[in-house]
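S.K.: All chains should be built: construct the whole structure from the sequences, respecting the hints.
Those sequence lines, one after another, are chains W and Z. All residue numbers for the first sequence refer to the numbering used here, where the first residue is 461 and numbers rise by one. All residue numbers for the second sequence refer to the numbering used here, where the first residue is 575 and numbers rise by one.
Among the hints, erroneous ones may be present.
To be verified - Label pairs and their calculated CB-CB ranges:
1. W/Q566 - Z/S587: 54 to 62 Å
2. W/K638 - Z/A586: 57 to 65 Å
3. Z/V606 - W/G466: 24 to 32 Å
4. Z/T813 - W/K638: 45 to 53 Å
5. Z/V828 - W/K638: 53 to 61 Å
6. W/D604 - Z/F849: 54 to 62 Å
Since the hints were made in silico from the structure, they are not lab data. Note that the Cβ used here is the ideal one computed from N, Cα and C, for glycine as well.
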Amino acid sequence: MRSSKGFSVRTIVAIGIGAALFIVLARFGSIPTGIANTNLQTNYAILALFALLYGPWAGLLIGLIGHTLADLISYGAPWFSWVIASGIAGLLYGLFNRGARIEEGQFGIKEIIRFNIGQIIANAVSWFVAAPVLDILIYAEPGDKVFTQGLVAGGLNILVVAVLGTLLAAAYAKTRTKRGSLTREA
Amino acid sequence: MAVKLLAYSDIASPVHRLNGVTKLLCFIIGSVTGMVIYDTRCLLALLAVSLTAFYLSKVPFKQYSFVLYLILIFSLLNQLAIFLFAPEQGTLIYGTRHELLHIAGHYSLTAEQLFYQFNVMLKYAVVVPLALLFLLTTDPSEFASSLNRIGVSYKIAYAISLTMRYIPDVQQEFVNISTAAQARGIDLSRKEKPGRRLKNAVSILFPLVLSTLERIEKVSAALELRGFGRGRRRTWYKTRPLTTTDAAVLTAAVLLSAAAFTVTFWDGSRFYNIFV
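M.R.: Below you can see the structure in the form of structure tokens.
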């Protein structure tokens, strides 16, 4: 575990600009599914990618800062239970992918499976459990309603990260030079 | 794509003159209090206080009117969802049942439900003016220094100020990329089917992500060159000393919140029951 003093400059900047990207996509990048009030949130694919690239603590902070500011500037007040759930999601996306060497261009079948199992667990914990439970604790909202909302949001986020997150990570890995990819010419 | 976002503007008002630290702490204290308590009397009192502060800030209505509509729609949908999923939640909380009107099936309107949903609305209404006020009257640069002042590590405070700084840039980048993509026939708008839109989103997200990653490298190199993160502390361009007015406002906020907690939990429950 790294303390906040241990954050590298690159991680700090990644948190700052990653959160900005998260916010912009929260405003413009959501795709309506056709069911009222449920959108495919493309920004969760970005959260997963940044957690994969910059680690769980970056994921946690991008989730917290991004969701709080996105709520603040578009709704005027943060919905804290879901803000915390976003932070947990970012943290878990990162934790399940510790040691992934995407920087070195490695993102094959094995990494894709690991990334997706990780994101399914992360989304399940945050949206099926954390968000509704916090809704009940903080806002005393009815259980049926918040669990249904959590189930829908979590399911959609799993879908978005599985499709967009995997595609983005794989495409990013392709832009990196593979380790040991140079061969000596005779 | 001219989408309005809430932003700070410089107006001469007593609220603007308050220190950023004071406003941040008031916002935190106010939101926590508003989140925990369910006592109607306290919520109404808090609402009165936060609306008065809003009035004092002299922020023109036009600057936040569009957000008010969004909030109104959001909370209406939320209220409707609560009623659809749990029409008897109020009865459950307050322990009595006064049926006003039978609608259909197991849906009927009870006085308890109305009162409960009124409280839910009130809770949201208390936080909104505080959050809006904080956002509209605090200089973003002062925001970071305030966070650092109340104990958040300066690196994280700086990350938040970077976020505020880069939202317009990333937004511009997004608009440029999606316009270019549309020119090539990649449509993200309503006209496409959801599946197709998801696929098209990739072709816009990918250049956006790559350019963002590149920006991260550039900015972090620039920060590193200037020796960012070497020291244990840093100074801020926008810091002001706390004045007596700040101290008075903070004391009032703490006292008000303490009073609200005491009144709410006096009878051991976070709800205020008018039915017994």
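S.K.: Hint by hint, say whether it matches the structure.
M.R.: Each hint tested on the structure:
1. W/Q566 - Z/S587: 54 to 62 Å: Since the Cβ atoms of W/Q566 and Z/S587 sit about 56 Å apart, the hinted range of 54 to 62 Å holds.
2. W/K638 - Z/A586: 57 to 65 Å: 60 Å, holds
3. Z/V606 - W/G466: 24 to 32 Å: Cβ of Z/V606 to Cβ of W/G466: about 29 Å, so the range 24 to 32 Å holds.
4. Z/T813 - W/K638: 45 to 53 Å: 48 Å, holds
5. Z/V828 - W/K638: 53 to 61 Å: 58 Å, holds
6. W/D604 - Z/F849: 54 to 62 Å: 23 Å, violated
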